[in-house]
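Go by the hints and put chain B onto chain A.
As you go down the protein sequences, you meet chains A and B in turn. Take the first sequence: its position 489, counted from the start at 1, is 489 in this note's numbering, and no numbers get skipped. Take the second sequence: its position 61, counted from the start at 1, is 61 in this note's numbering, and no numbers get skipped.
Just so you know, these hints were derived from the structure itself, not from any lab. Treat the hints with care, since some could be wrong.
Derived lysine to aspartate or glutamate pairs resembling EDC-like cross-links, with alpha carbons at most 16 Å apart [stated by the list, open to error]:
(1) 231/A x 351/A
(2) 172/A x 112/B
(3) 223/B x 328/A
Here are a few chain B residues that sit away from chain A, every Cβ distance over 12 Å (derived from the structure) [said to hold, decoys possible]:
(4) 316
(5) 333
(6) 347
Cβ-Cβ distance ranges computed for the label pairs, FRET-style [to be verified]:
(7) 154/A x 36/B: 50 to 60 Å
(8) 42/B x 139/A: 29 to 39 Å
(9) 139/A x 329/B: 18 to 28 Å
(10) 408/A x 36/B: 54 to 64 Å
We put the beta carbon where it would ideally sit given N, CA and C, even for glycine.
Here is how the chains run, residue by residue.
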Amino acid sequence: MTTSASVIDPAEDFPMADRTALLAALARLVPPTALLTTEDELRPYECDALMAYRRLPLAVVLAEDEAQVVAVLRLCHRLGVPVVARGAGTGLSAGALPHAHGIVLSLARMQRMLHLDPLSRLAVIEPGMRNLAISEAAAAHGLYYAPDPSSQIACSIGGNVAENSGGVHCLKYGLTVHNVLALRVVLMDGEIIELGGMAPDAPGSELLALMIGSEGLLGVVTRVTVRLLPKPRTARVILAGFADIARAGEAVAAVIAAGLIPAGLELMDQAATRAVEPFVGAGYDLEAAAILLAEADGTAEEVEEEIAAMRAILERHGATSLRVSTSEAERLKFWAGRKAAFPAAGRISPDYYCMDGTIPRRHLGRMLNAIAAMEKKYGLGCLNVFHAGDGNLHPLILYDANVPGELERTEAFGAEILRRSIELGGTITGEHGVGFEKLGSMCEQFSSDELQIFHAIKRAFDPAGLLNPGKAVPTLHRCAELGRMHVHRGQLPHPELERF
Amino acid sequence: METRLEAFREKIGERRPLCIRGGGSKDFHGGPQQGEVLDTTGYAGIIDYTPSELVLTARCGTPLAEINSALAARRQMLAFEPPAFSEAATIGGVVAAGLAGPRRGTAGGVRDHLLGVRLMDGEGRVLNFGGQVMKNVAGFDVSRLMAGSLGTLGLMLEVSLKVLPMPRCEATLRFELPQARAIEAVNHWAGEPLPISASCWRDGVLHLRLSGAEAAVAAACAKLGGEKTGADEAANFWADLGAQRMAFFAGDAPLWRVSVPSATPVLDLPGPTLIEWGGALRWLRCEADRALIESRSGAAAAVALFRGGDRQVGVFPRPAPAVQTIFRRLKTVFDPHGLFNRGRLFPDF
Chain A
1 MTTSASVIDP
11 AEDFPMADRT
21 ALLAALARLV
31 PPTALLTTED
41 ELRPYECDAL
51 MAYRRLPLAV
61 VLAEDEAQVV
71 AVLRLCHRLG
81 VPVVARGAGT
91 GLSAGALPHA
101 HGIVLSLARM
111 QRMLHLDPLS
121 RLAVIEPGMR
131 NLAISEAAAA
141 HGLYYAPDPS
151 SQIACSIGGN
161 VAENSGGVHC
171 LKYGLTVHNV
181 LALRVVLMDG
191 EIIELGGMAP
201 DAPGSELLAL
211 MIGSEGLLGV
221 VTRVTVRLLP
231 KPRTARVILA
241 GFADIARAGE
251 AVAAVIAAGL
261 IPAGLELMDQ
271 AATRAVEPFV
281 GAGYDLEAAA
291 ILLAEADGTA
301 EEVEEEIAAM
311 RAILERHGAT
321 SLRVSTSEAE
331 RLKFWAGRKA
341 AFPAAGRISP
351 DYYCMDGTIP
361 RRHLGRMLNA
371 IAAMEKKYGL
381 GCLNVFHAGD
391 GNLHPLILYD
401 ANVPGELERT
411 EAFGAEILRR
421 SIELGGTITG
431 EHGVGFEKLG
441 SMCEQFSSDE
451 LQIFHAIKRA
461 FDPAGLLNPG
471 KAVPTLHRCA
481 ELGRMHVHRG
491 QLPHPELERF
Chain B
1 METRLEAFRE
11 KIGERRPLCI
21 RGGGSKDFHG
31 GPQQGEVLDT
41 TGYAGIIDYT
51 PSELVLTARC
61 GTPLAEINSA
71 LAARRQMLAF
81 EPPAFSEAAT
91 IGGVVAAGLA
101 GPRRGTAGGV
111 RDHLLGVRLM
121 DGEGRVLNFG
131 GQVMKNVAGF
141 DVSRLMAGSL
151 GTLGLMLEVS
161 LKVLPMPRCE
171 ATLRFELPQA
181 RAIEAVNHWA
191 GEPLPISASC
201 WRDGVLHLRL
211 SGAEAAVAAA
221 CAKLGGEKTG
231 ADEAANFWAD
241 LGAQRMAFFA
251 GDAPLWRVSV
261 PSATPVLDLP
271 GPTLIEWGGA
281 LRWLRCEADR
291 ALIESRSGAA
301 AAVALFRGGD
311 RQVGVFPRPA
321 PAVQTIFRRL
331 KTVFDPHGLF
341 NRGRLFPDF
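Looking at chain A on its own, in the form it has when it is part of the complex (with noise of 0.2 Å):
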């Protein structure tokens, strides 16, 4: 993934600082521990979980708490430093790759529950602190946080926010900004703000969904206040074999127009599923062409009812095989096929590219033929696993680095789904963020005065342009040397015929 990589924009670039000076002024302001600057401390700072790309920073801060953070970021402030916030570094679109001027500034020390209110049912919380942390200390309530990403016991909540992390179970019950219900943010000249509160309709809630999945272009968030769910009694999950993928694509059209709302709704293809089973044994149909999980939770009852009538569905629409889970160690191994899709990419091939795109549900069909034949075309395999419930495509390209060639056809390979993405009424990202890798993409999404409108925005936070410089939304520039071209609507690009 080096092509785009290779491009550096002069308006994402800043000219070096004295990097003695600063890391003398850096180490006036936090504790020696809380700073690292060797290149020995700094390589496990070079990339997110997209390893593809790689840079070294200056300096990182650890920081550990919020007087470190503002004092930080006055500095570089008034230096002219870029600075790149960073949580747990699982993110998967390079959003928090270094910026080689710049330092790394990282919350991952800033993990402590400030306060846990079960009658209010909210929890606020400091950035640090890994998702599955948070329902771990509301289970004694009979409480929960909601969104789960995969990385769910990694991840922090910060980089959430930063992300808009979804999770399996979002369809039923949101993303993060559906669970967050207010942000303390530290702007880059050191300024605090409050956005949102306790109460729905507290001043600045209308700026919370834009400071959530700003990847860290817009504030650093020191403080987040999010609601917590009362935890399903029980929940069992449907496993049920296809002969057709489409087919499968139609029963998950048709659970959703009866008016269920599974909790989690997910189809894997066969080559996921045959590259999963050997590592897992989730007891998967490997004759099955696709394989769809339907979970329900909720009380007891709730969950038989739900239950029924989606088996009833799923048989309706040729279904070839169906078990339900009968107790909770079923139902996990049931899951964990679906979970370790991702390793068994790893496992099975030297290298693997995980994407990212977000269609209407119908056209499921389609993409996958789509993809088959680019499969063909680039001479690469891929895995599909999907998020039926809302449209969120992950194609898991499969390739070798050290053969030459094959990462630049991968990167190919990607783009042309993201654009089929775009082309067939959906986005170039459901949920991993833009980042460093999406950049190309972002081009063809967008027009040039969307684009404007977000470098705009971008300024009102941040108008020196310090904070992550280079990520989530591309310059003009660099659309222009891509030569990437904006897919209006799914519509081929003609830019001066608009549809009205």
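Same frame as chain A, now just chain B:
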């Protein structure tokens, strides 16, 4: 439709203050209107609705009633239950006002269901943000910024909203409880896995609506007790509450909308109170001034003058100065000439 769009663009090109207006059903809400009316009611029609996608896209002038009936025909709904204060209400007005009804406490508000907007900005440019899919993190979330902006940031041409199935079963329970005990009870119940979809306390009576799977509603009724309200009576009750047709809302006394952390105790203020959203929304009929209401509602409260009273001095709570600065800059991004709905959100905005 193209000629209407061209007419909008021409109007904006004249660079005179405009008052973007749909059916006018919420003229009473927000600061007083200023500028020439830009009528959106002709720019109407549902553009795309595929029930199995759970998304509906419509032009801004589409009547809310038309959308509700298209959804109802497929047993779906706007889960935030937008209030219609008259038949004229349009979907553009719903999103701009950002007002949600009884289900807000559990299903979320307008912003939570807004997936995409097509916007004409203050330069007459047509811009698309978000889209027709549930999960979309490409670019800043401009569409959700439009919910509750009262048309100050641009002319919303089209909106895409997430829709949900209507509940398969519903029941309403009635409990005689004084206010303090009702607040305690709804908060306590909300922490349990019960299918509560709305609550309303008024005059010593708490009404609780349960929605969901038949078995879940039946089990919750058995567990909670109370007195069951007849189905027709219940349907009317919640519809009247949403549309503010109840006696509580009649008359000329200023109507305040105070949103608070749900477990906030009884507010020590004169005048009748009605409570929704599991305790998080307190309606007050109260002649007291804003300062008194704010001081008695707690630091976390958001006090808005909903109807009546003196609208000239501002009806919404002011954000902190640093947040106001950002608001102002964002206004300039979308409406550089300051044309749209002046004074509607804040007197000087």
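Evaluated hints:
no., hint, verdict
1, 231/A x 351/A, "violated (38 Å)"
2, 172/A x 112/B, "holds (12 Å)"
3, 223/B x 328/A, "violated (26 Å)"
4, 316, "violated (8 Å)"
5, 333, "violated (4 Å)"
6, 347, "holds (15 Å)"
7, 154/A x 36/B: 50 to 60 Å, "holds (56 Å)"
8, 42/B x 139/A: 29 to 39 Å, "violated (54 Å)"
9, 139/A x 329/B: 18 to 28 Å, "violated (42 Å)"
10, 408/A x 36/B: 54 to 64 Å, "holds (56 Å)"
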